[in-house]
Amino acid sequence: MKTIIRTLAICCITGLAAGCKKTFIQLAPVSNANAENFYKTKDDFDLAVAAAYNSLYTIYAPEGAVSYASEQMSDNAIVYNISGIEADKWAFKDYNLKPANTMVYQFWQDFYKALFNINIVLSKIDDADLSATYKTGVTAEMKFLRGLYYFDMVRLWGELPVVTTPLTGAESYGVLRSPQADVYNLITSDVKFAIDNLPLASAITVKGKASKGAAETLLGEVYLAQGNKASATTVLQDVYNSTQYQLLPTYASVWGPTVKNTKESIFEIQCIGGSATTPYSKYYQGFFPNTNIFVFYGGGMNQVTDDLYNEYESSDPRRDITIALGYQNGATFVNQKYTKKWTDAGAAINGGNSLAGNNFMVYRYADLLLMLSEATGDAKYLNEVRTRASLPLYGTASYPSAQYGTLALAIEHERRVELALEFHRWFDLKRTGRAVTVLAAKGKNINADKLLLPIPAIVRTQNDKITQNTGY
Amino acid sequence: MVEIKIANDQNSAIMKLETVFFKQAFALCWLSLILFLPSRAQETGKLPSKTITVTGRLTDEKGDPLPGISVQLKNGQVMAISDHAGLYKASVSADAVLVFTSVDFAAQEIAVNGQAVWNIVLKRQTKELDDVVVIGYGTQKKKAVTGAVVSIGYNQFKDRSFANITQSLAGAVPGVNITQPQGAPGQPPVIRVRGVSSITAGTNPLFVVDGVPLENFNLNMINPQDIESVEVLKDASSAAIYGSRGANGVFIITTKLGKAGKSIVSVNYEYGVQKVTRKVDMMDAQQWIQYYIDAKNNAWVDLGGGHQASDPNSARTSIYKIPDDFLTNPGQFGKGTDWQDVMFRTAPSNNVQFSVSGGSEKTQFLFSGAYLGQQAVLDRNYYNRLTLRSNVRHKVSDKLTIGLYTAITGIVDRTEGTQGKSDVISLGLQSDPIFPVYNENGNLGYRDPNSTWFKYTAYGDLNLWHPYSLTRFIDKKNKSFNTLTSAFVEYNIIKELKFRSSISANLANGKGDSYLYKNQGYGYSSLLNSQASTSANYMLNWLIENMLTYDKHIGDHSFNLLAGYTTQKQRDESSGATAAGFPNDLVPTLNAGTTYSGVSSFATEWSMISYLARLNYNFNNRYYLSAAIRRDGSSRFGENNKWGYFPSASAGWIVSDETFMRRVKVIDFLKLRVSLGVAGNNQIPNYGAIGLLGASNANYASMATLLNGQTILNIANKDLRWEKTTQFNVGIDMRLLNNRVTLSAEFYNSITKDMLLNVPIPDITGFNTQLTNIGRMRNRGFELNLSTKNITGKTFSWTTDINFSRNRNTVLQLGPGNAPIIYTDYVVNVKTEVGKPISNFYGYVFDGVFKNQAEIDRMPHDASTKPGDPIVRDASRDGKITDDDRTTIGNYQPDFTAGLINTVSYKGIELSFMLQGSYGGEITNQNVRYLGWWNNGRNMFEDVANRWRSEAQPGDGKHFRATVANTGLMSQYSSYWVEDASFLRVKNVRISYTLPARILAKTPLKNTRVYINAENVYLFSKYTNYDPENTTYNATSYSAGSNGLAPSGINAPSGAFIGVDYGSYPLPRVITFGIKTDF
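First to last, the sequence lines map onto chains A and B. Last residue of the first sequence: 472 in this note's numbering, with the numbers rising by one and none dropped. Last residue of the second sequence: 1079 in this note's numbering, with the numbers rising by one and none dropped.
Each hint should be verified, as a subset may be incorrect.
FRET-style restraints, in silico, Cβ to Cβ [said to hold, decoys possible]:
id, chain 1, residue 1, chain 2, residue 2, range
1, B, Tyr596, A, Ser314, 40 to 50 Å
2, A, Trp255, B, Asp719, 48 to 58 Å
3, B, Gly306, A, Pro400, 25 to 35 Å
These aren't lab readings, by the way, just hints derived from the structure by calculation. All residues carry an ideal CB built from backbone N, CA and C; glycine is no exception.
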């Protein structure tokens, strides 16, 4: 009996002792790291910087914000059947957006999530015990991305809550929409910092990271959007003269799953195909017509309009490189135009997904040349682009000047066909002030107010001090 | 409520029903009067001729003194009450007849006959009030319970056929709303004790199995036939002993143990049949083809440019084309295929149970084994379960007792159709009726390139997700194994002081495998390559408890003191992988694949330390007091708030034992209860307080190099703590009219504060939400339980149980500025705002259909509106149709629920039937998104055939026109999706027959019963889909294993969408034939 009591006593005392330790209820997460101890070493920052770059996959996704605005809201593309909430997706092409549109809200979240991943790096790096060179380099990369995103956002929504540091929930209620000029000031100062501190493309060891040329091209477009052609000229000329970039010999050679980071590329989103666990390319599948007849599901995004198809001059080789007329279904050919710029027909397929490898260029040299013509009024750069396409040069007799009688119209036309479906068209029309004219003529239910998206309803439910854009 | 009491009273003859009801009603009215009026009954009896003083001692059969026994004259006049030593003294006439009465003892009469000393031994009555009720960390007599505790004994669910005990309790327990979201075998019900107490945190109650508290435990792991009783702790005072886990209510499950005496061998066999009896009315091929043609033509004409409905395909662009066969010879499709008939079948089940129980004074045991083999109504689905149990308790010495309870359960199942929108059942409804079950090549679908049906693949809006392509061309199997074991020692240090120590463990392992055959018989919406996936999980939960209890009686005072200390820890692990690129379908395991994805493993832990103490006190078995406190420390909470206190107090008063009540003969028992307590809710993610880093969606690439990334997943909150629910409860328990009427009523008011809320914060932070303690919510309600013994004859008896519950849920406070919270999932919005119940359905109101253009012009409308489109109500009355016109269009929570059980028995035959009703709730039929208007050519609800076709054919005024390009907000979430969820269900009908003893006398069999049990017998409901209890979203839970549709919306808790049905599994009717015999 005594032994039993003793055993019992021991059991319960050890039980008590084991439990009493305060550490018993202080458990560290097993499968995630604790953010508390992060942002200290170079390795930490390399990881955080990759996460910031990762947001490019979302912002420039086939169904991302930039895609919807630039192509769906333009005359280049349309969607028919598309999975998800069709009404909210159709609203872009129909200019029938409402504040409660779920896609608009998704885009809003995407951008600010991306900005958080940038701002957290910027806010932590100053205090990190790392070399000044590394810190400046990382800061410049982050500011380039931040400038790029705010430029997209200001063109989508106009006035914006400007966030430059990680905010707590409580702090965020005090951040209201700033005038567009303030947003542009931030963009300009961020991108200028990037220009001053980023290496030339040729000096970049990790391909795909932001370069000085990328930042200059961005700043050039920012200046153009503000109507500042003089400043745009300076900065774009600098890229032109840097000898870092050139046009590839043919238009066809610009495209393909293995064509990566060429001399034509100025800023390029990086993808790795063939594996479901790496960031594979979603453009091929996303832009394929919405059909289930293949082993992957076509996304049905940005289906090409006849209007775009007809924009090409009849001898323009770029048309058939850009647009597929349809697809084969057994013995039947289904007519539905889609873009084949990012086609990777041989890509491995996993679980209904095509694991394609194509990168996506945010800026390429042809774009820069056309912007340079726009900034300088000099057709020389435009004609470099036409030369590659083996088309009559602007200013020559065989140029279709009946249709494109001014340099501005010639640039508009050239940008549309050269950069078709590369997420530029609607921004270009907005920049040149031609959006309402051009799109209304094509039957879009558009007016000046509709050149900005609504502020999502939920944003204003949470903070009623946030104003709405006119017309919503 | 099967219990039969053979009353030996005078009115044993069978009375007419009317008389009984009349009497009861009258008695109730009268009772309410006397409850509130002081007793003024006056006795005017003649004075006795000669008075003597009678004294004596009252004892029970063990010789223990009995205090509080009333000594009365025959006329009810109380002459004395026995004191704590059982002594009494009364002056009465020498020829008086004295009656000794008490609730707990059989009344006894003596004729004084001049004798001055009468020592009486009273016989204890075994009444329900003496039943022992299991409460947290102990037991109590039912009479002594001062909180809101409901006890359900084995007899009340013995013949029911559910695999999960809580399913058998649905509709029977007031204040406990148990609904069955899906009808697949093994699907757990959604349980809400006294309303829903949280917006973001989990809402499942705590399950305590043989003393082991288990969060989010799968009760399918416990064989219901092994269960002795289930106690539900409804109010915060009784649940507070479980501290930070008690706020959602507590279910205490106690398994059986044998009794001293001859061993009982019990064998039970059941054969069951399940059948879907209520189908969704879908269009047949002809109706659907008409719809398809209309939708294409209307949209084509809408395009303008002189388009005509008569334009041939050659003139139309692709999405407006119509298959020629639809126009030229639709008759060839006949009525087409009813895909519900294809996927559902009449499914049998077999259930075999075997148990041996018994023991001696020193040792008691129960060994049991059961095997349930159940096919599901859904093709190729099944649920097989083996449970084994061994409960042993042994008295080593007078002071020392040890015990070991072990249950092992294995479940092998295949369960599909519960994931809603893209799962078998929903897809079956969406599939177009024109396609045959098999094509001419014996394949399933039109994607077979060698079939004449292949031509239809040219149309992107013809749909077939053949049920067999998912059930027969994907192999699936889940295996789960669970061991729950608990060992204890009890040691009586001194007579009154007992020490108990226990160690328990719950170990769960599971594995799931699936293999998808290449092309799936051409029956699926696309031709997929073969793919295999596997997943495994492991969970270990251990618990050490040390308890001291001290029992003391001093005179009329009784004390029971409890002090305890417990530690508990759980670790969950899971892993999975998917492989593709199989060369052929010969080998289904992952090794045969060539590309791999979704390869991961994951682990998570929580731990808890608790101290608890409770005092139960009673005076004279009449006044009861209970006070308890628990202190919990949990790993889940923030650095600054690891520990919390959960106090409670309650009191009870047995009014009927008071002198002034003794003469109120109609009342046999009356107890008043009041309680106040604080319980917590800790159901949040294990690391909710910590800012976590994650690597998913954080990597970048450079050429062929992967650049690893990491990012912050959530905002840390060092102050995070549990939700606290403070609940006040008053209750009354009564027995009337010679115990023939039992009434129990409760009122409660409960306030949850510091809600664990994933507060939506402005997205400009980079996050949608932050887990914070903020906000308050109220649940207030009333519960009533009335049991009557209408007829209590020796051979014939009839009892009725009625229960009624009403709960009102109101949000009192939310995050900053009380900003409402709107969650959206697949078009459906739910909105939570201050002053209203949580999760109101939020959308447009449709007021019918525009008949013509003139009507459109007269009213505010969306710019895209055409005749035949819905009339959208201008709820904001600003003359425009905008987002602001969205308003509250319903809520899932019912106004009240009620249950009615009638049990009639005649000799060995017992018949019982149960009705269950719910009134005043709404349900969102999310299938409307697919089946209520054009959504890429899916099949439609049959009602849509009554749509607007033209001004001359306006249809039923509810269903708008067909068009492939939706206009006029027809595709928005609106009142068109919301239906009345009120229902009345014949929930259960049972007939059993106990074979007479004389027949069995010559056999070794004792106690043999045969029975038929029918569940879900008939449903009265107007709901379009299968069942108004259906919801595709489960209660919020942060543990693994939730089997419902997870909201796609970021950070939306699934519980916010309870009451939204996106193609759920129907609840079948189940009829079971059983025989049970003891040796």
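Which hints, by number, does the structure contradict? none
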